[in-house]
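Residue numbers (our numbering), protein chains in the order written: chain A, 1 to 222; chain B, 1 to 348.
It is worth saying that the hints were derived from the structure and are not from the lab. Source: prediction; values computed, not measured. All C-beta atoms, glycine included, are put in the ideal place defined by N, C-alpha and C. One thing to keep in mind: the hints can contain errors.
[Claimed, not checked] Sample of chain B residues at the chain A side, in silico, Cβ under 8 Å:
(1) A49
(2) R241
(3) L256
[Said to hold, decoys possible] Reference excerpt, derived from the structure (chain A facing chain B, CB under 8 Å, subset only):
(4) P75
(5) F76
(6) R78
(7) R79
(8) V83
(9) L91
(10) I106
(11) L128
(12) H129
[To be verified] To list a few chain B residues with every Cβ distance to chain A over 12 Å, as calculated:
(13) D94
(14) A119
(15) N166
(16) S175
(17) T195
(18) L227
(19) H292
(20) L323
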Amino acid sequence: MIAFEHVGKRYGGRFDALAHLNFRVARGEMVFLTGHSGAGKSSLLRLIMRLEKPSRGRVVVAGHDIAQLHASQVPFYRRQIGVVFQDHQLLFDRSVFHNVSLPLEIQGVEPREAARRVRAALDKVGLLHREKALPIELSGGEQQRVGIARAVVNKPALLLADEPTGNLDPQLSADIMALFEDFNRIGTTVMIASHDLALIARLHHRILRLQDGRLVADEGAA
Amino acid sequence: MKRSANARQSGAAPRGKRQTPKPAAPASETAPRSGARAQQTRFSSRLRAWGRHHRAMALDSLFRLVRYPLGNLLTMLAIAIALVLPAALWLTLDSAKLLDAELDESASLTVYLDMGIDAAQAARIEEAVSADGGVAQTRMISPEQGMADFQQSLGIDDTLAGLDDNPLPTSIVISPQDVEPAAMAELAERLEGVTGIDEVRVDLAWVERLRHLAALGRRVALALGVLFGFGVLLVVGNTIRLAVESRRREIEVVMLIGATHAFVRRPFLYSGAWYGAGGGLLALGLLALGNHWLSLPVAALAASYGASFTLPQLDVTGSTILLSCSILLGWLGAWLAVTRHLSSIRPR
Numbered sequence: 001m002i003a004f005e006h007v008g009k010r011y012g013g014r015f016d017a018l019a020h021l022n023f024r025v026a027r028g029e030m031v032f033l034t035g036h037s038g039a040g041k042s043s044l045l046r047l048i049m050r051l052e053k054p055s056r057g058r059v060v061v062a063g064h065d066i067a068q069l070h071a072s073q074v075p076f077y078r079r080q081i082g083v084v085f086q087d088h089q090l091l092f093d094r095s096v097f098h099n100v101s102l103p104l105e106i107q108g109v110e111p112r113e114a115a116r117r118v119r120a121a122l123d124k125v126g127l128l129h130r131e132k133a134l135p136i137e138l139s140g141g142e143q144q145r146v147g148i149a150r151a152v153v154n155k156p157a158l159l160l161a162d163e164p165t166g167n168l169d170p171q172l173s174a175d176i177m178a179l180f181e182d183f184n185r186i187g188t189t190v191m192i193a194s195h196d197l198a199l200i201a202r203l204h205h206r207i208l209r210l211q212d213g214r215l216v217a218d219e220g221a222a
Numbered sequence: 001m002k003r004s005a006n007a008r009q010s011g012a013a014p015r016g017k018r019q020t021p022k023p024a025a026p027a028s029e030t031a032p033r034s035g036a037r038a039q040q041t042r043f044s045s046r047l048r049a050w051g052r053h054h055r056a057m058a059l060d061s062l063f064r065l066v067r068y069p070l071g072n073l074l075t076m077l078a079i080a081i082a083l084v085l086p087a088a089l090w091l092t093l094d095s096a097k098l099l100d101a102e103l104d105e106s107a108s109l110t111v112y113l114d115m116g117i118d119a120a121q122a123a124r125i126e127e128a129v130s131a132d133g134g135v136a137q138t139r140m141i142s143p144e145q146g147m148a149d150f151q152q153s154l155g156i157d158d159t160l161a162g163l164d165d166n167p168l169p170t171s172i173v174i175s176p177q178d179v180e181p182a183a184m185a186e187l188a189e190r191l192e193g194v195t196g197i198d199e200v201r202v203d204l205a206w207v208e209r210l211r212h213l214a215a216l217g218r219r220v221a222l223a224l225g226v227l228f229g230f231g232v233l234l235v236v237g238n239t240i241r242l243a244v245e246s247r248r249r250e251i252e253v254v255m256l257i258g259a260t261h262a263f264v265r266r267p268f269l270y271s272g273a274w275y276g277a278g279g280g281l282l283a284l285g286l287l288a289l290g291n292h293w294l295s296l297p298v299a300a301l302a303a304s305y306g307a308s309f310t311l312p313q314l315d316v317t318g319s320t321i322l323l324s325c326s327i328l329l330g331w332l333g334a335w336l337a338v339t340r341h342l343s344s345i346r347p348r
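Excised from the complex, chain B in its bound form (with noise of 0.2 Å):
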């Protein structure tokens, strides 16, 4: 105000430095007072300014998506549906790594011992078998005994009844210190050559499958993740584009008016990021929804063959990830689809 004041005095003469154009000072206002302070007030007001923009426009997009709840609500389904299949991959593979865990513990060597052994050679031969450095702990098992594991496991009392001699041999069962593969074939290699084994059985084959199987399931699960993010990007990028395409003139008056580019993209990246948000948020509904869905026959199957397994669930830091990766996403494919488009447009 006081500068138009100036001018109405001086007429045409000519006035302060305004009209140079001078990019770095948009709003010159307080142009001619000079020193730090006035430096500081101007670059402060801008940052407010430019915080105000950033709350307006969050609001504004907010409330277009909700002005048009149906159409949207497909798009963040679409995303939520993009973002289930990987994240459950992701959950499924984790609780495969639990299992693996498991599996670890129960990680085991037999050794079977000739036949005609007693207790007490048995005993000795026990005992050497614990002097290995590379066995944690062992646990005999007598012929008696493993006939009646046997018998159990099989359900049936009498049949084996009938033999005269038992023909089971001692084992003795060996939890190794290193359950590594290679390590547990080393030691058998070793205990091979102790007198009174007959044989050493260890379940590498097994173990290793299931390795090589998660790697593979872990490997899947990012190739899936990184093309159904990919499909995020292209279904929050062609939102925008319509978007786009549909406030065209607006855009076009306000880059003729002197708006900057990132004025122009804000209000778009904001509603890529609310699709991000929504379609996030929808996905950990999916998830639960299907954890639901599936629990009860999971832990039948699972009661079937005498385990405990319960499905695995996000939890916060899990859904935390899935929820700023959506957002993320979002935003990313959202400033794409504007900044790919904004060369397009040109005021008339």
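This is chain A alone, in the form it adopts within the complex (with noise of 0.2 Å):
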């Protein structure tokens, strides 16, 4: 599903985020990574979602060099991931429901399909009672969970999180990863960025740990 080969990114000419970065995820497997803040996680997950371009080598996500791209393409390419953010990307001006909608309403699914789904997402996040709600009216777990809902509402092939547990208690992120765990389940290829250790070690999937842009152990690999 993704493979880096060789893959490196420079910021402003003289740091390396990352470097020699070599692995594989395999369709339908559940990846964490892991390092201290700064280690490359976030820039390698910019990477997956084309937000940016690799200084050096490949990023292949499922069989296409994504570097390869036209800039109008990009737009169709990220409708296939759904991405959840740590700042969760909400849109507050506009209720749980429509924030829920917005890929499909991108993609131009027709309304009562996309209420029907929009609904689905929000019952799997247990949101589905919060739907005329503000984000604003919610709490940070909750806002995750819609954030979730949001990514997963048109049923992405890959999922991606970006320290989907950050600012929750451990009760809370246990029951993110639950999901998280649920969607891999149903076959959805899931690599998630967090530093919470504890959290990830009891989990039991595969763990890359980044340390200063470099994969410094690939663990539990199935």
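With the hints as a guide, bring both chains together as one complex.
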């Protein structure tokens, strides 16, 4: 599903955010990405989302070198990836329902079908009863779950999450991780960047450890 | 839905073609079903989705406009003022063209015969003049008739009555076939050679001058139109720039989850078009108001010259053209502003 081949990313000419990255993630795998802040977790996810291009090497997603995608093709590529952001990236002037339906709106899904899928996604994250609420009225954990619902509403093949449990207490964090495991169980490839080592150690999935932009450990590979 | 069920059964095993990032197939629920029929339904459903988004964005941008009526009204007023000036000038020139046509009709040469020519000789000369191919019509004015006209136009009766002899010659007023200045000058030259004709007078300089003035006016109107059209672009562009800036976060988020530039641009283009429409309608209103305001003094002025002249009004065609131009300018201004700004907005 994902292959990094000798990938390096350099910002501003001198600073290497990522260097010599080589790894593969198979379809249907669930992988954690850990490391100190600044180790390059976010940069790595940004490369997969094609928010940036690698300075060296190739990032291959689903068989395509995504650096080769034309700018006009990038939106269509991104639609196949669900992304959960640490800061949620919700729109605060729209209801929970409309936030979750945004990807479907962008893809032009017929409204009735979209509503059905939005409710299914909200049901999955346990927020069906809050569909009319504004994000500001929700707790941090609930906002994160809205973000997850939005990421999975069009059933992406690949789900990325950047510190999805960043500001949550242990119980809520465990709930969120359980949700990701559910999605993984139905075949979605999941990649989660997190520095909550205690939590991810309990979950027994593959762990990629980054340090100063280099891959220093690849543990528990399937 | 069908697909996710499949996925559930097959677990982590390779699934359909959906994972390949094929940009042409955003909603590929029906991907494996081959054949023209599936292609067609997918195309028509995408077309429907496209139309749906257009409708939604047209309404959404209209609601946003109505939500802040004062500020948006000011923007439209600025557009309207920029449009009224060239439009008014154009209308004025249009009416000048009418005057020009009238002038053509009244274009004439006056031939003065030698003094002491009697009526019979004058009639022969008139006949000779009429025979010229360039002459459409002739009208003889005897010295007595000329004197009477003169007295009437001066509004005096007696002063000239004190003269012993009538000092006016017989004259013939000629309407030429061709009212072009060059043709008239040529005709005048020919007529001057006819015996018994003392002088031919053509007021060409005046006609010429008016023509030049009209041509100048048309150019000024065109230049003003271009200049003020540019002004409209700037006004709309600036307003849209602020709108884009205020919705920056939203734009970043939707681009992050796969919105195309066209999708992001659409609501702003509609806003621009609405600004243009509003500005155009206001401009039409201002023109009508100005017409009403000026019509009385203009009529009085015309009457004092013994002419009847009404201010021209924009007809349906003219109004449609003005409104279309205005909408187009608004749309274009928005397009320029959004396109320029989208490149500076990158999802974080």
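Against the structure, the hints come out as follows:
Interface restraint check: A49(B) against chain A, minimum CB-CB distance 3 Å, threshold 8 Å, status holds. Below 8 Å, beta-carbon pairs count as interface contacts, and R241(B) has none with chain A, the closest being about 20 Å; its hint is therefore violated. Look at L256(B): its Cβ gets to within about 6 Å of chain A, closer than 8 Å, so that hint holds up. The beta carbon of P75(A) is positioned within 8 Å of a beta carbon in chain B (closest approach about 5 Å), and the interface hint is therefore held.
Evaluation of the F76(A) hint against chain B yields a held restraint, the C-beta minimum of about 4 Å falling below 8 Å. For the restraint placing R78(A) at the interface with chain B, the shortest Cβ-Cβ distance is roughly 4 Å, inside the 8 Å limit, so the hint holds. The restraint placing R79(A) at the interface with chain B holds, with a minimum CB-CB distance near 4 Å, inside the 8 Å limit. For V83(A), the interface hint holds, the least distance from its beta-carbon to any beta-carbon of chain B being 7 Å, beneath 8 Å.
Checking L91(A) against chain B by beta carbon gives a least distance of about 6 Å; that is within 8 Å, so the hint holds. Hint on I106(A) holds. Least Cβ distance to chain B is approximately 5 Å, under the 8 Å limit. At a threshold of 8 Å, the smallest CB-CB gap from L128(A) to chain B is about 18 Å, leaving the interface hint violated. At a threshold of 8 Å, the smallest CB-CB gap from H129(A) to chain B is about 23 Å, leaving the interface hint violated.
For D94(B), the shortest C-beta to C-beta distance to chain A comes to about 47 Å, beyond the 12 Å cut-off, and the non-interface label holds. With 12 Å as the threshold on Cβ separation, the claim that A119(B) sits away from chain A holds: the shortest Cβ distance comes to roughly 90 Å. Its beta-carbon lying about 90 Å from the closest one in chain A, N166(B) satisfies the requirement of being farther than 12 Å from that chain. For S175(B), the non-interface assignment is confirmed: its Cβ lies about 68 Å from the closest Cβ of chain A, beyond the 12 Å cut-off.
The beta carbon of T195(B) is kept farther than 12 Å from every beta carbon of chain A, the shortest such distance being approximately 85 Å. With a cut of 12 Å on Cβ distances, L227(B) stays outside the contact zone with chain A, its closest approach being about 36 Å. At the 12 Å boundary, the C-beta of H292(B) stays outside the reach of chain A, the nearest C-beta of that chain being 44 Å off. L323(B), annotated as away from the interface, keeps every beta carbon of chain A farther than 12 Å; the closest lies near 31 Å.
In this structure, the hints that do not hold are numbers 2, 11 and 12, in rising order.
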